[in-house]
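**Q** The whole structure should be built from the sequences, with the hints applied where relevant.
Protein sequence lines correspond, in order, to chains D and E. Each residue of the first sequence is one higher than the one before, counting from 1 in my numbering. Each residue of the second sequence is one higher than the one before, counting from 1001 in my numbering.
It is worth saying that the hints were derived from the structure and are not from the lab. Glycine included, every Cβ here is placed at the ideal spot set by N, Cα and C. It is possible that part of the hints are untrue.
To list a few chain E residues with every Cβ distance to chain D over 12 Å, as calculated [to be verified]: (1) N1060; (2) D1169; (3) E1172; (4) R1240; (5) R1245; (6) R1272; (7) P1273; (8) T1285; (9) E1311.
Covered, in the sense of this in silico footprint (three residues per stretch, anywhere, with C-beta under 8 Å from a C-beta of chain D), are these stretches of chain E [as the list claims (entries may be wrong)]: (10) 1080 to 1086; (11) 1105 to 1116; (12) 1124 to 1134; (13) 1223 to 1232; (14) 1275 to 1281.
There are 2 protein chains.
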Amino acid sequence: MARTGQRHATLRAIAQSAGVDVSTVSRVLNGSPEDAQRAASRQTAEEIRQWAARLNYRPNPHAASLRTRRSNLIGVLVPRLSDLVLATVYEGIEDAAARHGMTTFVMNSRDQAAEQRERTELALSRRVDGLIFGDAHIDGAFLDDIAGQQVPFVLVNRRAGDHPAVTCDDYEGGRLVAEHFLELGHTRVGVIAGEPFASTGIDRTTGFLDRYREAGVDVPASRVVHSHFDAAGGRAAADRLLRSRARPTAIFAVNDFAAIGALGALRDQGLRPGHDVAIAGYNDTPLAAELPIPLTSVRSPMHEMGARALELLLRVLAGEPAASERLTPALVVRASSENAPAAT
Amino acid sequence: MARTGQRHATLRAIAQSAGVDVSTVSRVLNGSPEDAQRAASRQTAEEIRQWAARLNYRPNPHAASLRTRRSNLIGVLVPRLSDLVLATVYEGIEDAAARHGMTTFVMNSRDQAAEQRERTELALSRRVDGLIFGDAHIDGAFLDDIAGQQVPFVLVNRRAGDHPAVTCDDYEGGRLVAEHFLELGHTRVGVIAGEPFASTGIDRTTGFLDRYREAGVDVPASRVVHSHFDAAGGRAAADRLLRSRARPTAIFAVNDFAAIGALGALRDQGLRPGHDVAIAGYNDTPLAAELPIPLTSVRSPMHEMGARALELLLRVLAGEPAASERLTPALVVRASSENAPAAT
DNA sequence: CTGAAAGCGCTTACAG
DNA sequence: CTGAAAGCGCTTACAG
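**A** As structure tokens, then:
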């Protein structure tokens, strides 16, 4: 065993060096400021802190967790970490967690119910204080279940039922795209709607369709097609939309990667994005602006969503009121949606 | 405090139910198979296991870690988790870790020396058994330092010095691209070389240049430009390459995202990838095949690299011999590099 | 095959 | 302001 030896000193070592009891050292080093105050004179406290620095003291989190029954550990579930959207959300979670002295770990559920259960069970066996789910399904049976077991958790990116959630205002984001397409004069439009179980796709689609309905345009169901949230899924969905006889002149993909797939599908049919067919995506991923044909997209505050979800969970853990939050999206118009409908 | 109460039984509860000592329960439930064998009769063992199942026993990892001084925790450092390459490598690490009953957590270092130190220190204070670095810098001063402190670690994706590492054979990958360009007849070529401190960029570039040299073509230094590993970086680098009077007819970007940026730069100049200028990337990310102009790229086994790195670290922790591994890349030719040099 | 005991490094109620 | 003690849930050398 390549062991690393005694890298960190213990409270006891410091107590012996400073000639005080370990309980005093504990209160000075790891207690609340008030605890530290009343635990030792300024002089003693200072001496303890110096010994701690000299001996490279770091509290042993396993010992503390065992004693306090608080692990300062948060489990995070996402569909796939290699999805940039979730990776960015997780970065937000992790940054906020670090600020609050919490540790997080993340696992993929691949949007599979069995994996969600299994990973949650695993997190619980690791004694997490709480969980953040980035993979909620709109039906929410699983979540109701574990809420019933008093497991503290919040949702991020996707909402479900009345569980506390931090999301983008996806409904509003969908409306923004509709507004934009309407201004350009498009009335024959299509939607690449994402997974039917994800609130993101559902709300973005609903917002879009509602805004069109308000403008007096009913988008037929045949022009709303579900898809995976990736380029291959977007390509397949776009192929279906473009094959219909009355081809849409504008397509809203509820995800940037799906939009990139749609761009490819257009090209295969000899159609030019932003000329023959307008395309808009969602999330404004860093790639959107850098594509050969820059992609119109709805900016969503992915990093901030993650950070706020972590802070919402902290409130849940503290027993404070924890209301869901909906962050504001913003439309970013680029070359992929510059065209009015062709004069066909 | 929204506490979750007693979710899991303890050894003691099981011992009382089964009418045996907790040490026996421990050996049966958590010991090695041999331990379990000699710790109790088949009958007693069976009874203990039934009680464990009935009471939903899960060993408390904090208690076990405190006692054994082994946390089964691995810290992982990456430049950015929102970089798809690293996210995929991490998925490989995490999958392998789960198979071995280890927990991992991941942190961004943003390729900054100060953050590398700080995050490593944080991981150590969490009492990880070892570390995996996906953010090694070729100079390796920091790594030499912590190797000197006997911290067990391995590298993944990027190599440095003689530290055990699991990488793609990047040199060979660079050669594959050169071979391909040479077959098409390109002699005026450019390289978007990535960060100067990353072995990935260095080795891919060196392999490419060496193969050209062997073919009797010396690529001038002015046609090798460094870049960030993202689309914006690739676009900036491509702009520089295309501005020179003797424009390259083929460009190798050592990263798919940089290649996508280069695609955009070409288009801005009215050049068609795969017609006027050939483009190749690296990693064969899922997007490459789905782009409007599908991208030629070198496939690297990102997920497998991660899994193997975890297993290499396990060997290091066990004190077994741990040799570096270089996984084999493969060229995937697509439309972005179909052209011979223009007859200018 | 089984048990009793010690101890990992903390925290915290109690006492002074 | 400071200390002594108990105990969180495990593992493991020792003894029988």
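**Q** Does each hint hold? Answer for all of them.
**A** Quick rundown of the hints versus the structure:
Look at N1060 (chain E): its CB is around 7 Å from the nearest CB on chain D, not clear of 12 Å, so calling it non-interface is violated. At roughly 22 Å, the least C-beta separation between D1169 (chain E) and chain D is larger than 12 Å, which holds for a residue marked as non-interface. For E1172 (chain E), the condition that its CB be more than 12 Å from all CB atoms of chain D holds, with the nearest at approximately 25 Å. Interface exclusion of R1240 (chain E) from chain D stands, the closest Cβ pair being 16 Å apart, more than 12 Å.
Non-interface call for R1245 (chain E) relative to chain D: holds, since the shortest CB-CB distance, roughly 24 Å, exceeds 12 Å. At roughly 10 Å from the closest C-beta of chain D, the C-beta of R1272 (chain E) falls inside 12 Å, breaking its exclusion from the interface. Annotated as non-interface, P1273 (chain E) brings its C-beta within 12 Å of a C-beta of chain D; the closest such distance is 8 Å. With a cut of 12 Å on Cβ distances, T1285 (chain E) falls inside the contact zone with chain D, its closest approach being about 9 Å.
At roughly 15 Å, the least C-beta separation between E1311 (chain E) and chain D is larger than 12 Å, which holds for a residue marked as non-interface. Requiring three or more residues with a Cβ within less than 8 Å of a Cβ of chain D, the coverage given for the stretch 1080 to 1086 of chain E holds, as 4 such residues are present. Using a Cβ-Cβ cut-off of 8 Å, 4 residues of the stretch 1105 to 1116 of chain E lie near chain D, which meets the minimum of three, so the contact claim holds. Taking a C-beta to C-beta cut-off of 8 Å, the stretch 1124 to 1134 of chain E contributes 4 residues in contact with chain D, enough for the three needed, and the coverage statement holds.
Here the stretch 1223 to 1232 of chain E counts 3 residues with a CB under 8 Å from a CB of chain D, which clears the bar of 3, and the coverage holds. A stretch counts as covered by a chain when three or more of its residues have a beta carbon under 8 Å from one of that chain; for the stretch 1275 to 1281 of chain E and chain D the count is 0, and the coverage is violated.
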